[in-house]
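Chain by chain, the residues:
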Amino acid sequence: MTQRIAIVENILSANDEMAQKNLSVLDAAGVYAINIMASPGAGKTSVILKTLEALHGRLRMGVIEGDLATSIDAEKAAAAGLPAVQINTGGECHLDAVMIARALPSLPLADLDLVLVENVGNLVCPANFKIGVHSNILIASIPEGDDKPYKYPGMYRGVQALIVNKIDLLPYVPFDMEYFRGGVEALNPGLVTFPVSAKTGEGMGEWADWLVGKVKSK
Amino acid sequence: MHELAVTQSILDIALKNAEKVSAKRITGINLVIGRLASVVDDSIQFYWDILSDGTIAKGAQLNFTRMRTEMCCLDCGNIFTPGEDTFACPVCEGNRVRVSQGDELRIESIDVE
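Protein chains in written order, with this note's numbering: chain R, 1 to 218; chain H, 1 to 113.
Incorrect hints may appear among the rest.
To be verified - Every beta carbon over 10 angstroms from chain R, so not counted as near; a handful from chain H, in silico:
| hint | residue |
| --- | --- |
| 1 | Val6 |
| 2 | Gln45 |
| 3 | Asp49 |
| 4 | Lys58 |
| 5 | Thr65 |
| 6 | Asn78 |
| 7 | Pro90 |
As the list claims (entries may be wrong) - Pairs of lysine-lysine residues, derived as BS3-like cross-links and limited to a Cα-Cα distance of at most 30 angstroms, are as follows:
| hint | chain 1 | residue 1 | chain 2 | residue 2 |
| --- | --- | --- | --- | --- |
| 8 | R | Lys199 | R | Lys21 |
| 9 | R | Lys148 | R | Lys50 |
| 10 | R | Lys21 | H | Lys16 |
| 11 | H | Lys20 | R | Lys21 |
| 12 | R | Lys21 | R | Lys216 |
| 13 | R | Lys76 | R | Lys151 |
To be verified - Beta-carbon label-pair distances, calculated as ranges:
| hint | chain 1 | residue 1 | chain 2 | residue 2 | range |
| --- | --- | --- | --- | --- | --- |
| 14 | R | Met1 | H | Asp53 | 37 to 47 angstroms |
| 15 | R | Glu53 | H | Gln61 | 49 to 59 angstroms |
| 16 | R | Ile5 | H | Arg66 | 19 to 29 angstroms |
| 17 | R | Pro174 | H | Glu93 | 19 to 29 angstroms |
| 18 | R | Ser106 | H | Thr86 | 40 to 50 angstroms |
| 19 | R | Lys218 | H | Glu108 | 13 to 23 angstroms |
Source of the hints: derived by calculation from the structure; they are not laboratory data.
Every residue, glycine too, gets a C-beta built ideally from N, C-alpha and C.
Build the full structure now, drawing on both the sequences and the hints.
Right under this line is the structure:
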């Protein structure tokens, strides 16, 4: 005889629980962590490197590198004297909480203020998977086009800050900022947004100050 | 391809709950998935057939209740499904809107024998 059993559980609850554990580990060590997500080519790596540069001497930082294409960047961060861990995602399209749980012991958390996690370049999959950080950050970029909030709405829903990179290209690329921001506002009301150019450095100061504020007020 | 991880989680939750009632077989899985969760039914079904093989959930019917993305207009109260490239309210054309449905990604129940 068939029997129906009510469950009503978030499908990714096991991942969510692991994410919560990661957060506890970070909190116990007094570390603030951010998850940086974006499409491939939006400039995650450039923004991270500029952020490390801007915050050098102000915060003690570490990096968890999850992007498929950028093992070289973990080496770059390490070369700059920063503790860095490369996650081998084995071709996965997103990071999940278990991968972060495995990576955290490789960082000297007691000596850090901020951990930056670079997620896999992808505008769909990472949105569903909490990894256990204090802020999820999305980097959009001007050449991607102003329609991305409309095409990839899920990605804009769960983030706590938005960086709009490559604003130095605004004179050369059709990009209706009002249209873009309208979509963002519908999906994530009041989302704090930083228009920046990792190339010229414009706007990076405001972003860095916001991050310092978050870390200090933790 | 995150559907692989999603499917594995569905199977884990279903098996865990079936075990609680000492079920012999899982015949159905009832899922509620919102459009904003960006999960493709066909991919879940594809991975399901592979992952459930050799478990008591093999052959279980996956029932998808898809939830459309719905938005609510803050100006006129209209509830609507947004267009492809606009979120504006189709009634008053206002842009002050909020998502009211579409984030769902849950397993509602399972059918067991």
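Item checked: Beyond 10 angstroms from every chain R Cβ - status for Thr65 of chain H -> Holds, since 12 angstroms exceeds 10 angstroms.
Check: Lying within 19 to 29 angstroms: is that true of the beta-carbon distance Ile5 of chain R to Arg66 of chain H?
Finding: Check passed, 22 angstroms falls within 19 to 29 angstroms.
Margin query: Does Lys21 of chain R sit within 30 angstroms of Lys199 of chain R, going by the straight-line distance between their CA atoms?
Written below: 36 angstroms, violated
Notebook entry, point to check: Can the suggested window of 37 to 47 angstroms be confirmed for the beta-carbon pair Met1 of chain R and Asp53 of chain H?
Noted result: 25 angstroms, violated
Check: Hey, does Asn78 of chain H actually stay past 10 angstroms from chain R on C-beta?
Finding: 14 angstroms, holds
Notebook entry, point to check: Is Lys21 of chain R close enough to Lys16 of chain H, meaning Cα to Cα at most 30 angstroms?
Noted result: Given pair Lys21 of chain R, Lys16 of chain H holds - Cα atoms ~21 angstroms apart, limit 30 angstroms.
Notebook entry, point to check: Given the hint that Lys76 of chain R pairs with Lys151 of chain R, does the C-alpha gap stay at or below 30 angstroms?
Noted result: Violated, because 33 angstroms separates the two Cα atoms, which is more than 30 angstroms.
Note to self: For the hint 13 to 23 angstroms, verify it against the beta carbon of Lys218 of chain R and that of Glu108 of chain H.
What the structure shows: 37 angstroms, violated
Check: When you look at the beta carbon of Gln45 of chain H, is every beta carbon of chain R farther off than 10 angstroms?
Finding: 15 angstroms, holds
Notebook entry, point to check: Has the given pair, Lys148 of chain R with Lys50 of chain R, been kept, meaning a C-alpha gap of at most 30 angstroms?
Noted result: 24 angstroms, holds
Next item on the list: Evaluate the given range 19 to 29 angstroms for the C-beta pair formed by Pro174 of chain R and Glu93 of chain H.
Entry: 23 angstroms, holds
Item checked: Whether Val6 of chain H stays farther than 10 angstroms from all C-beta atoms of chain R, as the label says -> 6 angstroms, violated
Consistency with the previously given hints fails for numbers 1, 8, 13, 14, 19, ordered from lowest to highest.
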